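Residue numbers (the working numbering), protein chains in the order written: chain A, 2 to 341; chain B, 2 to 341; chain C, 2 to 341; chain D, 2 to 341.
Simulated from the structure, these hints should not be mistaken for lab results. Keep in mind the model is a prediction, meaning the values are calculated, not measured. It is possible that part of the hints are untrue.
The list treats identical chains as interchangeable, and a pair is accepted whether it falls inside one copy or across any two copies.
As the list claims (entries may be wrong) - Straight-line alpha carbon distances no greater than 25 Å define the calculated BS3-like cross-link-like pairs of lysine-lysine that follow:
no., residue 1, residue 2
1, Lys119, Lys68
2, Lys277, Lys68
3, Lys336, Lys119
4, Lys71, Lys277
5, Lys71, Lys245
There are 4 protein chains.
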Amino acid sequence: MVVVMRPGAAPEQVDAVVARVEAAGGSAFVSRGVQRTIVGLVGDIEAFHALNLRAMPGVGEVVRVSKPYKLVSRENHPEATTVEVAGVPIGPDTFTLIAGPCAVETPDQTLQAALMAKSAGATLMRGGAFKPRTSPYAFQGLGEKGLRILAEVRQETGLPVVTEVVDAADVALVAEWADMLQVGSRNMQNFALLQAVGSAGKPVMLKRGLSSTYEEWLMAAEYIAQRGNLDIVLCERGIRTYEKGTRFTLDIAAVPMAHSLSHLPVVVDPSHSGGKRDLVIPLSRAAIAAGADAIIVDVHPDPTAALCDGPQALYGDDLAALAKTCRDLPPMVGKKLVEQ
Amino acid sequence: MVVVMRPGAAPEQVDAVVARVEAAGGSAFVSRGVQRTIVGLVGDIEAFHALNLRAMPGVGEVVRVSKPYKLVSRENHPEATTVEVAGVPIGPDTFTLIAGPCAVETPDQTLQAALMAKSAGATLMRGGAFKPRTSPYAFQGLGEKGLRILAEVRQETGLPVVTEVVDAADVALVAEWADMLQVGSRNMQNFALLQAVGSAGKPVMLKRGLSSTYEEWLMAAEYIAQRGNLDIVLCERGIRTYEKGTRFTLDIAAVPMAHSLSHLPVVVDPSHSGGKRDLVIPLSRAAIAAGADAIIVDVHPDPTAALCDGPQALYGDDLAALAKTCRDLPPMVGKKLVEQ
Amino acid sequence: MVVVMRPGAAPEQVDAVVARVEAAGGSAFVSRGVQRTIVGLVGDIEAFHALNLRAMPGVGEVVRVSKPYKLVSRENHPEATTVEVAGVPIGPDTFTLIAGPCAVETPDQTLQAALMAKSAGATLMRGGAFKPRTSPYAFQGLGEKGLRILAEVRQETGLPVVTEVVDAADVALVAEWADMLQVGSRNMQNFALLQAVGSAGKPVMLKRGLSSTYEEWLMAAEYIAQRGNLDIVLCERGIRTYEKGTRFTLDIAAVPMAHSLSHLPVVVDPSHSGGKRDLVIPLSRAAIAAGADAIIVDVHPDPTAALCDGPQALYGDDLAALAKTCRDLPPMVGKKLVEQ
Amino acid sequence: MVVVMRPGAAPEQVDAVVARVEAAGGSAFVSRGVQRTIVGLVGDIEAFHALNLRAMPGVGEVVRVSKPYKLVSRENHPEATTVEVAGVPIGPDTFTLIAGPCAVETPDQTLQAALMAKSAGATLMRGGAFKPRTSPYAFQGLGEKGLRILAEVRQETGLPVVTEVVDAADVALVAEWADMLQVGSRNMQNFALLQAVGSAGKPVMLKRGLSSTYEEWLMAAEYIAQRGNLDIVLCERGIRTYEKGTRFTLDIAAVPMAHSLSHLPVVVDPSHSGGKRDLVIPLSRAAIAAGADAIIVDVHPDPTAALCDGPQALYGDDLAALAKTCRDLPPMVGKKLVEQ
């Protein structure tokens, strides 16, 4: 951490900063320039934050120069992590296709979607039983009944289940049925939920918030990690920008950035970011080429009848294109599709 | 709702849209233009959403022309609402100052801050016992102990208490001690929490999410209202934009916009939006002039020692400026400061 | 400027940074911490930028700690500037109303709008002869003919003219007819235009770009100032954000921020930022309360027939509300309306 | 275009809308619903815009349903265009690498960079002689001298030259030396410049503005096309968002979106969008996989000494990785690298 004093700050103001840092057990190194004095701090960064140096007289700026996350940071853990979901790996050497319906609607629709997913090369199945919806009047998911349907379909297809949990109170229930817990964008800073999934004993997929920075995303992962769970995959799903031609703006640079800042695997959601079926294949290709360890894709046997996000679901011929993409592109970036 | 067909859509495609709408109990009016055909729908809008018309062959766009929220909409409820918090009004004819510390730290700090708030003209006290923090390593609030401190300070000062609740599981506890429940920005789409505060029997202050649209904000209010609680005040607290010269960008137009879209009162938070002490008075003035029904301001007896958001807390001479602003400006917009 | 080395940077890498800075005539102060080494630089900042220290081995970050603008900076010029436009002041002690039609359409429409402006208390008239339009098919303004109409209306009403110039090649022509040159948002980084208006001998109103930071805005002003023209007023006109409920998001904090960073006067455009007539009065009030030195407002004798931005133009009873706002609010912030 | 009347709009208000449309030579089709009446318009859309229907009594919203651009629209021109730059194609069947230094500094640096570009497979050379810089104190480019250096290097290497023009007054000069004119982000809505390059007789690369929508970008292209020049390539170079971990946010979906909206080729700039050398290869891969027709990349023989944007320039081993990417990836999306 570096404290930059204002031009003309008095020597006593500099001394006061040094004294406060030292009283907190830190060390302070003073560089006096012609125009400005700079104080470099060494010690426990979090303790320094609590000192509120920014509010002291004569202080211009306080610049943080180290990362505020530790357990999920690549700086402290240079080797990339592989997360296993019921035996299916998501990690640096492989590429994993996760696919399924946005929402579980009926046993048949879920089974058909799972079979479509499998035919495209998926080794994990997605499907929502609890749906966070902007409108209280929209379909909110089948809840526990949906979890049971997912479990039956897993039985029939052999595909482990990734499903969202939206409330800390539901974590135990969802963890009982699911193979991987998903925390959605709107809940990325629901800290009670993060702590609950951190203690649930199942791998977690953490979607980036609609307007979260890389740092906030990794801090949210740190909340999970702090409870002893490092089986976390980060999911980029588009951020909110001024551009309304797509539903969200897929931040493709988030893939290499998250890989450089963290040792955790990175997944991309090409379906919810673009919000249009025609964009799913191009965005899937871009994600793989940028180094994503997995993608998570909506498929539906009859998108025009879907209760949730039908316009972006793949079906029919799309699946062959998806299968080809997932088979041919990963080797271009040193990865190999995880086979069933 | 209006369905705009693609140029060259086949008559059977138009017929299919009409048939689907009528099968769902709606009516469809077809306007055939030279280039495009447009179908206007009448009936239950939510039912139409589930039809997923956008995914039907030949459909170009589906344009919604009525508001998706009902209970909080001004269209259905033209008169502005006054919310009472333990007898203190927030509404169209008055202006209310809410002030206090960002976080409850000690009994003494909380009392001093409450007395400062009172001296500036506040009739409601803010103070956080449960703090949602980006970092798991930051001060997370005193929890129940903080609630007890707030209750004692209320006893001594007579100021009713506004405090945040961050988890649905805590709502009953917080509602027992507080006079108004605050839902923070990061939780604006924590739907379980919204439903819990909707059933808690206390007025609610709903902060706008960091990147929420007006519509999403009002839909979140609708979740609360749907549980039978219409004692909701909307709080604009700055949105996330590309500009990093301030902490967030205070969207001052949100005040007249929310007033025109909803009958609920609107509060502005000039402290957290700007993130700088020097901005609090100018932004408070702007908020009052734009028609805000209340503002909520951080004060602290010793900002340099604050455990949370010290750089933006008012103290010392700032309070006199705040008091003068709250007394002199509201009459310019037909309002009167609520007196103690 | 501060250079933060990466953790574990080699001593020779630090030495290389120091050597490069010293070779460029600067001084470097090294603080060695336990984890990181920090190098503080003193000397000619612009020269340091050219050194490209960020790309040197071992360098983590380069943090700039002083402002890159000089002539327009408040740091170097603590007293607030008053700009005079044909005798009408815009500055710290006064409040100035600028009003008129978005575009000059006919002599009669322009005269009627100018009389409306005058009746509301305006002492400067706005009106566009050259219009930058997103579509090549939209009305592009009357050009020189429009300038002549503005000059005639000035003759009849006594109101000096503020008008936009969109191309460096037109600056001499526009400067011949206008009292103040306006540089629009889309041209804020049209550097040839900035330099041309900097040499034109007329005061300049510089609108903030749609997505410009405070710093970029002030750097654009610096381009003008560098050519010897310090008669610049900064105009906040709304920034582009994700929120589409208003045309742009008026960044009200830009008023106190620009005042603290620069000695130049600050104007607010409540018409183009909100894009709705109903927002003009509330946003005008907010602007004055936040300390704006002037506002610039669209008026039109018949908004439904306007060739440009009709939906936001004031007319009829709006003018009395505007007049009252401009008379009553400035004294609340120590200012006085400039009288005709 | 569709006019949606407010709920309860009077029949005379509807009639007034119809009358105004018909007076302008259009046709209007009225659909009366239970809650709302909708009027569909057929005829000259631009003429309807001038009618300012939005401001008429009883009108709620005016929804445009056709594209405002014509010449560059894919709707009117379904076949994808190939633009030839001195014989080098940029179009649907090929992939073209454009590379070179950000700025021309010396003959030697430019030649070295061009040779590096060529070694990586480039068939077009980029290089800036006129540099738009945020600061008036930064290196502004060598101007005409830079153009001459580029021409000499073209002579030696055989690589045609792409270079930026920043002022309408310079277009003739730049067009004399360059093979393709580049319009930069900051000038995307400098309409005088767009018209000038539209008349210059050379192909144009049009960079998307920092916060431009797809529609504004295509409207800017329409300005160029309107002057008779359809040899335009669209360049996505990152948009401005809240995320500051990268310089800009590369909007990868802009590639398939621009291809679906327009028949023009699409280029991606992975260097300026990310702003970091480590991101250039992953973003290049993503761009190719998403279907880009070309990429434009910064290279520099000595990035640490670059006068402009050194931190993002490729050098050394990066070039082999770039070459491999440009050779191996295009066939995955049905394209083939243009060979020298």
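Checked hints:
1. Lys119 with Lys68: Answer is neither; intra-copy 40 Å and inter-copy 39 Å both fail.
2. Lys277 with Lys68: between (36 Å within a copy, 18 Å between copies)
3. Lys336 with Lys119: within (20 Å within a copy, 29 Å between copies)
4. Lys71 with Lys277: Cα proximity of Lys71 and Lys277: across copies only (23 Å, versus 37 Å in one copy).
5. Lys71 with Lys245: between (36 Å within a copy, 21 Å between copies)
Against the hints set out earlier in the document, a violation occurs for number 1 only.
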